[in-house]
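Q: Residues per chain are reported as follows:
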Amino acid sequence: MLPLAHFEYLAPTEAVEASRLLASPDARLVAGGTDLLVSMKHRLFEPRLLVSARRIAEMQGIVPAAGWLSIGASCTLRDVSRHGIVQQRLPALAAACRTVATPTIQAMATLGGNLMLDTRCMYYNQPAGWRASLGYCLKREGSVCHVAPKGRGCYATQAADTVPALWLLGAEAEFVSVSGTRRIRVSDLYREDGMNWLTVRPDEVLTRIHVPLEDRSVAHRKLRTRQAIDYAQVLVAVAAPAQRGEPWSAVVSSVAPRPILVESETAEGLAELSFRGSQPLSTHLASAPWRKKMVRVEVARAVDALLRSHAGSG
Amino acid sequence: MSDEVVLTVQVNGERVRRLIPASRTLLDLLREDLRLTGSKHGCDVGDCGACTVRVDGLPRLACITLAAEVQGASVQTIEGCGSKEAYIVDALDKHVASQCGYCTPGIVLCLASLFDDQADADEAAIREALGSNICRCTGYTKILAAAREAAASRSSA
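So the protein sequences, as listed, match chains A and B.
Here the working numbering is used: the first residue of the first sequence is 185, the next is one more, and so on.
Here the working numbering is used: the first residue of the second sequence is 3, the next is one more, and so on.
These are computed hints drawn from the structure, not numbers from a lab.
Note that CB positions come from ideal geometry on N, CA and C, so glycine has one too.
There may be inaccurate statements among the hints.
Just a few of them, taken from the derived set where beta-carbon distance is under 10 Å, the chain A residues facing chain B [claimed, not checked]:
| hint | residue |
| --- | --- |
| 1 | A189 |
| 2 | Y193 |
| 3 | L221 |
| 4 | T286 |
| 5 | T288 |
| 6 | A412 |
| 7 | A484 |
| 8 | D488 |
| 9 | L490 |
| 10 | L491 |
| 11 | R492 |
| 12 | A495 |
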């Protein structure tokens with residue numbers, strides 16, 4: 185059994201009140217809790233205060249508005265993937281939601297939680313005793329990165345399944361804090377640092393995700409060892425050019441602290457450029473060279489899927 | 003103090019009102035406080051599905067759910083399964099789809115949730131849903147056979 189340490193718990197009804205509570209050190213927001221509770225059991229996070237998103241109305245509901253779909257950050261991945269507009273206009277987002285962990289977790293975990301997911305590493309996402317026996321790691325309590333001992337930084341990976349698709353769909357995240365409201369493009373939300381991977385402050389509360397309804401052709405692919413439970417070995421989304429003259433784009437994730445954007449003038453060149461631009465590290469389930477090769481394969485498969493669907497509809 | 007919560011929930015149709023530590027998981031509330039030990043501690047980190055219960059009809063992993071987060075909700079455990087879920091239990095029994103039995107309560111609740119949502123669940127839907135539940139005894143073949151039979155008996159009922 186992995187007991188939780190004691191903490192205080194408050195369930196405010198407004199995002200700005202949550203922000204005020206989250207300004208204190210050692211406070212964390214809990215929505216679905218599917219990653220947070222595990223990390224707390226592993227003593228990766230030891231918050232003194234949990235702020236529940238459960239009663240915050242601004243974080244709920246899925247509503248279309250002026251060419252955008254506004255999705256509450258507290259909406260579960262199950263609700264998002266089953267929403268009619270998401271299924272019809274944003275199929276890559278629906279597909280991405282349905283590849284997260286398991287259907288039971290999809291009924292608990294939220295879209296906001298997925299966007300704010302902690303970076304992951306085989307030396308970090310482990311029980312406290314496991315980590316202690318290894319002398320801990322750079323990201324938590326230690327001084328050495330076991331993945332890259334000669335490196336300077338933390339290489340924990342951004343592994344959130346919905347991020348590449350939301351990035352290429354042009355989604356924006358709305359944050360509320362005591363200093364006001366601001367919208368940040370999903371593509372501007374992440375930093376190249378496994379320990380400090382978000383560009384927002386801890387007291388900024390992600391309330392809504394706004395996705396433009398532009399019918400961009402985006403394909404999502406997730407490579408994993410088992411077709412359930414596992415995080416990705418390679419995660420890609422590919423977007424076809426919206427207009428003549430625009431490039432093909434890929435976002436490659438689960439291989440670095442920040443998702444990687446790759447652009448190519450031709451569909452044929454995208455997979456090779458993605459391969460060259462990715463430097464995945466080995467995990468206990470897959471070697472680095474194999475993961476790197478599979479970046480090329482998965483991008484090529486996503487391009488194929490888009491070309492086929494265009495041929496079908498045209 | 004806010005490290006304690008007055009929790010009011012329905013558990014298997016009965017109203018429960020308790021003062022609990024905020025750090026109480028739903029699984030420990032069920033097993034330790036209410037002595038409903040049908041929901042199991044497996045991995046304890048949300049991977050295995052042995053602790054699956056239904057909260058307002060949807061499947062939920064009780065080991066990584068704070069009891070405080072189901073305030074006001076309706077919780078169903080295996081102890082609350084009866085004639086409505088008998089077609090699932092009977093099919094598992096007939097196909098000997100339970101050996102040590104540790105995963106079985108979670109599988110019953112997972113399938114009950116699936117079939118209530120999708121009466122015509124096909125093979126792909128069953129396999130996708132059962133991706134949530136790990137069994138280390140049966141190799142899944144018997145569980146899938148039982149799930150198929152349960153789906154057929156429900157859609158013909």
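Q: Return the status of the interface hint for A/Y193: holds when the least beta-carbon distance to chain B is below 10 Å, violated otherwise.
A: Holds: closest Cβ of chain B sits about 3 Å from A/Y193, inside 10 Å.
Q: Is the interface hint satisfied for A/A412? The criterion is a beta-carbon contact with chain B at less than 10 Å.
A: holds (3 Å)
Q: So, A/A495 near chain B? Judge it on the closest CB pair being under 10 Å.
A: violated (25 Å)
Q: Would the stated hint for A/D488 survive a check requiring a Cβ distance to chain B of less than 10 Å?
A: At 22 Å from the nearest chain B Cβ, A/D488 fails the 10 Å test, so the hint is violated.
Q: Taking the least C-beta to C-beta distance, is A/T286 closer than 10 Å to chain B?
A: With Cβ-Cβ at 4 Å, under 10 Å, it holds.
Q: Classify the hint on A/L490 as holds or violated, based on whether any CB of chain B lies nearer than 10 Å to its CB.
A: At about 23 Å, which exceeds the 10 Å cut-off, the nearest Cβ of chain B leaves the hint on A/L490 violated.
Q: Tell me if A/L221 is really an interface residue toward chain B, meaning its C-beta lies closer than 10 Å to one of theirs.
A: holds (4 Å)
Q: Minimum Cβ distance from A/A189 to chain B below 10 Å?
A: A/A189 check passes; min Cβ-Cβ to chain B is 7 Å, inside 10 Å.
Q: Can the hint on A/R492 be confirmed by a CB-to-CB distance to chain B that is less than 10 Å?
A: violated (21 Å)
Q: Just to be careful: measuring from the Cβ of A/L491 to every Cβ in chain B, is the smallest value less than 10 Å?
A: violated (25 Å)
Q: Is the interface hint for A/A484 satisfied, with its Cβ closer than 10 Å to some Cβ of chain B?
A: Violated - the Cβ of A/A484 stays beyond 10 Å from chain B, reaching only about 25 Å at its closest.
Q: Using the nearest Cβ pair, does A/T288 come within less than 10 Å of chain B?
A: holds (4 Å)
Violated hints, in rising order: 7, 8, 9, 10, 11 and 12; the structure is consistent with all others.
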